[in-house]
Structures are given as C-alpha cells and as structure tokens.
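Visitor: In order, the protein sequences belong to chains A and B. Note that our numbering has the first sequence beginning at 21, numbered continuously upward. Note that our numbering has the second sequence beginning at 5, numbered continuously upward.
Since the hints were derived computationally from the structure, they do not count as laboratory data. Heads up, a few of these hints could be off.
To be verified - Straight line, CA to CA, 30 Å or less: simulated BS3-like cross-link-like pairs of lysine-lysine: (1) B:Lys73 x B:Lys53; (2) B:Lys53 x A:Lys77; (3) A:Lys31 x A:Lys77; (4) B:Lys62 x A:Lys77; (5) B:Lys62 x B:Lys73; (6) A:Lys77 x A:Lys91.
Unchecked claim - Footprint (simulated), chain A over chain B, 3 or more residues, beta carbon under 8 Å: (7) 42-49; (8) 77-87; (9) 91-103.
Every residue, glycine too, gets a C-beta built ideally from N, C-alpha and C.
One-letter residues, chain by chain:
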Amino acid sequence: DTGVSQNPRHKITKRGQNVTFRCDPISEHNRLYWYRQTLGQGPEFLTYFQNEAQLEKSRLLSDRFSAERPKGSFSTLEIQRTEQGDSAMYLCASSLGRGQNTEAFFGQGTRLTVV
Amino acid sequence: AQSVSQHNHHVILSEAASLELGCNYSYGGTVNLFWYVQYPGQHLQLLLKYFSGDPLVKGIKGFEAEFIKSKFSFNLRKPSVQWSDTAEYFCAVNGYQGGKLIFGQGTELSVKP
Numbered sequence: 021d022t023g024v025s026q027n028p029r030h031k032i033t034k035r036g037q038n039v040t041f042r043c044d045p046i047s048e049h050n051r052l053y054w055y056r057q058t059l060g061q062g063p064e065f066l067t068y069f070q071n072e073a074q075l076e077k078s079r080l081l082s083d084r085f086s087a088e089r090p091k092g093s094f095s096t097l098e099i100q101r102t103e104q105g106d107s108a109m110y111l112c113a114s115s116l117g118r119g120q121n122t123e124a125f126f127g128q129g130t131r132l133t134v135v
Numbered sequence: 005a006q007s008v009s010q011h012n013h014h015v016i017l018s019e020a021a022s023l024e025l026g027c028n029y030s031y032g033g034t035v036n037l038f039w040y041v042q043y044p045g046q047h048l049q050l051l052l053k054y055f056s057g058d059p060l061v062k063g064i065k066g067f068e069a070e071f072i073k074s075k076f077s078f079n080l081r082k083p084s085v086q087w088s089d090t091a092e093y094f095c096a097v098n099g100y101q102g103g104k105l106i107f108g109q110g111t112e113l114s115v116k117p
C-alpha cells in the first residue's frame, strides 16, 4: 500500500501521560498536514510542513502539542500531559507542493482515547 | 474568517432518489474546492475537486458538483443514489496555492435499500 500510513491506529492513555503518533506520507509528497477530528465534526487543521519546515500552526494547538518532520519524510505528533479533551481522531494527510497539485491524501487516522 | 458551512447534518434517502448536498464557503481570494467522502470504517477519500475552468465538475461514482462563484457555493449532486453511497460527506476549501484545508462539519448520508 503506497498511501499515507499512520501508527498506531488506536491509542488509549491515562490522563497526564504523553503520547506520540507517527505519519508516513506518500513518498514523493513534500507537504504533510495534521488534522484533528471529533465526533460529528469535520477535520480541524492543526499544522503543516513543507519538507522539514513547519509552515503553519493552528491557534488551536496548545503548547502541549508538538510536531516534527526531521528529514522531510515521516512526521511525528506528540501530545504531552494528555487531557480528556484531547480524545479525538488525529489525521495525517500529504500532498504535492504548490499550485493545482494540492489534492491531499489522507491516512486512516489514529484514534486517541484519554481515560 | 475562513469557513465552510454544510447545510444538512443528516440526510436520509431511499435508493434511486436524487441527492443534493449544500456547501457554502467564506474565503478571500481564488479558491480550490473539494468534496471528500468517508465510508464507514475507512479513511477520507477525494470525491471530486475544482481548481479552475468549467464550474461543473464530475467525480467518481457518478457524483458531480457545481461551483457558483457569485453564491460562494459548491453543491454536490447525484441523480440516483445507491445503498453503497451511505457515508459521511465533507466539503473543503483552500487557497489557490494550496495549503491547509478548511472543512465543513460534514453531512451524514443514509441510503435505505
């Protein structure tokens, strides 16, 4: 499968613990996005990278959240000191660079449950 | 502010009925428009997209959408739905140079056999 891959698919954690998710984009895609989706809502933008540079970060993203894409390939999203409100589906997407090549391909997501 | 509004949260249709899902957006400048579909248990998949040109775009599985610039709308249509179209549908927008997508809240479509 050469699509966007996310791991783990499910994560249950206790409040206050740290969690890290991984996303492997489609190999030739230089843009990588993170979104969060809660029940009954559309995905909400969190942050995005072009190659290894983090170009935009949502105001929704508290300082407990950090994302990296160290070599411009895979990315990680870390949540420190998780709270129950962090429970959601975390989606990763990737796309080619600029102009009309902006179709984003999504992974299957990581479902986080904070208990 | 940039936003996307989908008119219906839940639509229930019988097979062979026609479908129209509304989508309006607020976004400054030239836009790209998308409809994504999420079948139960699956990831978001692109149904169709509008970048420029003919405002009537055709997508997969018999879906089409019409971009009406004056109304800031991008409504999704299908003349005859099937049970397999049961899914959640999301309208999304971004700027001409790409970047983050702004999604609507989604419309859940249930098609009764």
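Visitor: All hints are to be evaluated individually against the structure, with a verdict given for each.
Guide: Status of each hint after checking the structure:
For the hint linking Lys73 of chain B to Lys53 of chain B, the alpha-carbon distance of about 15 Å falls within 30 Å, and the restraint holds. With a C-alpha separation of about 25 Å, the suggested pair Lys53 of chain B and Lys77 of chain A falls inside the 30 Å cut-off, and the hint holds. Note on Lys31 of chain A and Lys77 of chain A: the hinted pairing holds, with a Cα-Cα distance of about 23 Å set against a maximum of 30 Å. Using a Cα cut-off of 30 Å, the hinted pair Lys62 of chain B and Lys77 of chain A is violated, with the two alpha carbons roughly 33 Å apart.
Between Lys62 of chain B and Lys73 of chain B the alpha-carbon distance is near 17 Å, which keeps this suggested pair within the 30 Å criterion. As the CA atoms of Lys77 of chain A and Lys91 of chain A are separated by approximately 19 Å, the hinted pair is consistent with the 30 Å bound. Interface restraint, the region 42-49 of chain B with chain A: holds (4 residues with C-beta to C-beta distance below 8 Å; minimum three). With a threshold of 8 Å between beta carbons, the proposed coverage of the region 77-87 of chain B by chain A is violated, since 0 of its residues qualify and at least three are required.
Check on the region 91-103 of chain B: 7 of its residues sit with their Cβ under 8 Å from a Cβ of chain A, so the three-residue criterion for coverage holds.
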